[in-house]
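Student: Take a look at the letters that make up each chain.
Number of protein chains: 2
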Amino acid sequence: MEQKTSIGLLGYGVVGKGFFELLADKEAFNIHRIAVKHPGLHSDIPAGLLAASGYDIISDPEVDVIIEAIDDAEEAFELLKFALKAGKPFITANKKMIATHLPEIIALQSAYGVPVLYEAACCAGIPVIRTAEDYYTDLVNGITGIINGSTNYILTAMGRYRYRFSHALQLAQEAGFAERDASLDIEGKDAACKLSILITHLWGIYIAPDEILYTGIQNILPQDLRLAEHTGGSIKLVAHACKTNEDRFVSYILPKLVFRENILYSVTHEFNGLVLSDTYGDEHLLYGKGSGARPTAMGLWNDLQAFLRGYKYRYKKQVKPEQFNNDYLLTVHVSIPIGLKLPKDLDLVAYSDDSRYVYYTGTLSLRQLSENDWWKHKG
Amino acid sequence: MEQKTSIGLLGYGVVGKGFFELLADKEAFNIHRIAVKHPGLHSDIPAGLLAASGYDIISDPEVDVIIEAIDDAEEAFELLKFALKAGKPFITANKKMIATHLPEIIALQSAYGVPVLYEAACCAGIPVIRTAEDYYTDLVNGITGIINGSTNYILTAMGRYRYRFSHALQLAQEAGFAERDASLDIEGKDAACKLSILITHLWGIYIAPDEILYTGIQNILPQDLRLAEHTGGSIKLVAHACKTNEDRFVSYILPKLVFRENILYSVTHEFNGLVLSDTYGDEHLLYGKGSGARPTAMGLWNDLQAFLRGYKYRYKKQVKPEQFNNDYLLTVHVSIPIGLKLPKDLDLVAYSDDSRYVYYTGTLSLRQLSENDWWKHKG
Chain A
1 MEQKTSIGLL GYGVVGKGFF ELLADKEAFN IHRIAVKHPG LHSDIPAGLL AASGYDIISD
61 PEVDVIIEAI DDAEEAFELL KFALKAGKPF ITANKKMIAT HLPEIIALQS AYGVPVLYEA
121 ACCAGIPVIR TAEDYYTDLV NGITGIINGS TNYILTAMGR YRYRFSHALQ LAQEAGFAER
181 DASLDIEGKD AACKLSILIT HLWGIYIAPD EILYTGIQNI LPQDLRLAEH TGGSIKLVAH
241 ACKTNEDRFV SYILPKLVFR ENILYSVTHE FNGLVLSDTY GDEHLLYGKG SGARPTAMGL
301 WNDLQAFLRG YKYRYKKQVK PEQFNNDYLL TVHVSIPIGL KLPKDLDLVA YSDDSRYVYY
361 TGTLSLRQLS ENDWWKHKG
Chain B
1 MEQKTSIGLL GYGVVGKGFF ELLADKEAFN IHRIAVKHPG LHSDIPAGLL AASGYDIISD
61 PEVDVIIEAI DDAEEAFELL KFALKAGKPF ITANKKMIAT HLPEIIALQS AYGVPVLYEA
121 ACCAGIPVIR TAEDYYTDLV NGITGIINGS TNYILTAMGR YRYRFSHALQ LAQEAGFAER
181 DASLDIEGKD AACKLSILIT HLWGIYIAPD EILYTGIQNI LPQDLRLAEH TGGSIKLVAH
241 ACKTNEDRFV SYILPKLVFR ENILYSVTHE FNGLVLSDTY GDEHLLYGKG SGARPTAMGL
301 WNDLQAFLRG YKYRYKKQVK PEQFNNDYLL TVHVSIPIGL KLPKDLDLVA YSDDSRYVYY
361 TGTLSLRQLS ENDWWKHKG
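If you read the protein sequences in the order shown, they are chains A and B. So that you can map any letter, position 279 of the first sequence is 279 in the numbering used here, and since no number is skipped, the others follow by simple counting. So that you can map any letter, position 46 of the second sequence is 46 in the numbering used here, and since no number is skipped, the others follow by simple counting.
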């Protein structure tokens, strides 16, 4: 291609700026215009590039491709629809937007014949969606991963360096690992969005993020991390989805005790790791930086290259979403403030306590965990 | 696709049989015929499937795709040429054939417009070629990996379980990790073939396997492994290629001391791991089983799926092969039998000895290592 590819960039936060910088020495590409929410805050944008709005950029006949890196999922979705109608390919890192609207986004791509690519929405630059989509076809039974960089960074900082939660969170935000609204990361919703996207590409079913059982690290206390250490493991926010025997599906995001023998144990700091388990019982790991300006910019760049080669997602046949297996059993460790009562009829036994908490262990089904949330709150 | 894809299978050794078994429950595919060198040895091939020769299978109008899994690289190349002329896509696990003839294979694909795919030739089912080809475009500065499963298995067995070399090799062969001609693995040639292929896909240059400085694990002694352990590391057969500052290239396969902090330290047994280092200094790891019947069969299966989606390799612009940087310096540890003299003018100092060997350390350039092979032989 002799002519430069002309790019319209929506958003100039951590990721947008990272992408702009990545493109600086790529001669075949040109950032045509940039739209930001608060132009007054962006004296760092080169003169002449600032656009009045994302819609203006999309409508600009000189723009070939849209790169979207804004925070607001609903606004991003409106821009996506506008872009597809205008025939402009749309490359995004917006996991919440994609996961929330995926069935509609699939239909829109098909209706307008224009691709949407979003590798950067899952684990930044690590090609996990690509691999789920194109590779190991019909041979993956389950995935287990650490797919949120900021919670992993926080847990590493709390466990290894004894930082307080608030300090670790602040560091993660300063380094650009955590979203502006950190609750999405901390409470597990960000990981649920990514898992939802991966499940669609792996098995052709759509499970909305809110249908996935998820909780984050908001209730992890320093003593939990120390306890984990004493057992020779550490606590990680683990995303898991698998086919169970009956061709039903299980999916959750939960803080789990990960032992040294587990390959995910060495996934620390802002790194992500996704293990794909194949039908032979073998494991395949994809590992790298899962958040931050440059890794995410790299994900966008990879999609831009893929688009230029004619790549698009092919979504497999959809199966019924009610094929959940909520009878799936998990071994759990729960701590409850002293004085608080457990719901009845749970297969849990107290095994330890301290001045404030009683520690229980036992077996619960996903249904028992989904039906109420006594275990999510520590008061 | 309603009609079954009809496959001609060449070879029914560890890999061919593994592929046949993988296809057993895949309804959209059909193994039409199988060619083997010694039909008398294959009573396990279902009646009616045996073909007189690979050429017969390729000529069979009912065969859509050729899957090649034979040992002999030259015979495989003849079959490949015959298949492309006949318009039959050719999927292979034959790293020696691909690496040795890659420039010609690129030209043939272009001349006949028929694809050759060979993901299984590098690290079995791990999508390393795919990633080098399609992903991180223009952003990878270097790769470092453990890309030979059998030597890694042998080193693990020798270091961890104190097995003798011969016993460890035998186990590797029994498990199907080692080629029939084990010297290819042991002496590093197998890894050099894989590295050569990866370099072409990453940077668009061709370096023939024999142009790569390589040595294997044939001279690693139990005391070397113990010494490594005392330093907190272990010896691994490491493949490395990188761009140096001046846009020149370095490539080698050498046994290296890998410390615990290195992500490749935990790549043990028959596992492979490939680290891609990006221009930002970040590392990306692809990890999984790099040899054996099922992982390799999975690589062939992935290529079959890719072919059906219209995938083909796009080779980037070739640069001059003389862009080697042989001034590149390595810190080396060498042991020389007592009484043997070192070549003159080498920057090496003796730091230890035992009853049979003197141990040296120091800095040598790739040129000094390439120019003669005193360091390869322990007498």
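Be aware that a few hints might be false.
[As the list claims (entries may be wrong)] With a Cα cut of at most 27 angstroms, we get these calculated DSS-like pairs of lysine-lysine:
hint: 1; chain 1: A; residue 1: K4; chain 2: B; residue 2: K312
hint: 2; chain 1: A; residue 1: K243; chain 2: B; residue 2: K316
hint: 3; chain 1: B; residue 1: K85; chain 2: A; residue 2: K4
hint: 4; chain 1: A; residue 1: K341; chain 2: A; residue 2: K317
hint: 5; chain 1: A; residue 1: K317; chain 2: B; residue 2: K26
hint: 6; chain 1: B; residue 1: K85; chain 2: B; residue 2: K317
hint: 7; chain 1: B; residue 1: K317; chain 2: A; residue 2: K317
hint: 8; chain 1: B; residue 1: K243; chain 2: A; residue 2: K312
hint: 9; chain 1: B; residue 1: K26; chain 2: A; residue 2: K26
hint: 10; chain 1: A; residue 1: K312; chain 2: B; residue 2: K26
hint: 11; chain 1: B; residue 1: K317; chain 2: A; residue 2: K26
hint: 12; chain 1: B; residue 1: K85; chain 2: B; residue 2: K312
hint: 13; chain 1: B; residue 1: K4; chain 2: A; residue 2: K26
hint: 14; chain 1: A; residue 1: K317; chain 2: A; residue 2: K243
hint: 15; chain 1: A; residue 1: K17; chain 2: A; residue 2: K4
hint: 16; chain 1: A; residue 1: K26; chain 2: A; residue 2: K341
hint: 17; chain 1: B; residue 1: K316; chain 2: A; residue 2: K4
hint: 18; chain 1: A; residue 1: K316; chain 2: A; residue 2: K376
hint: 19; chain 1: B; residue 1: K243; chain 2: A; residue 2: K344
hint: 20; chain 1: B; residue 1: K85; chain 2: A; residue 2: K312
hint: 21; chain 1: A; residue 1: K312; chain 2: B; residue 2: K37
hint: 22; chain 1: A; residue 1: K316; chain 2: B; residue 2: K312
hint: 23; chain 1: A; residue 1: K26; chain 2: B; residue 2: K85
[What the hints assert, rightly or not] Chain B regions said to be covered by chain A (calculated; three or more residues, Cβ under 8 angstroms):
hint: 24; segment: 135-147
hint: 25; segment: 292-305
The set of hints was computed from the structure by calculation and includes no laboratory data. Using N, Cα and C, we set each Cβ at its ideal position, and we do this for glycine too.
Student: Identify every previously stated hint that the structure contradicts and give their numbers, smallest first.
Tutor: Hints 2, 3, 4, 7, 8, 9, 13, 16, 18, 19, 20, 21 and 23 contradicted; others consistent.
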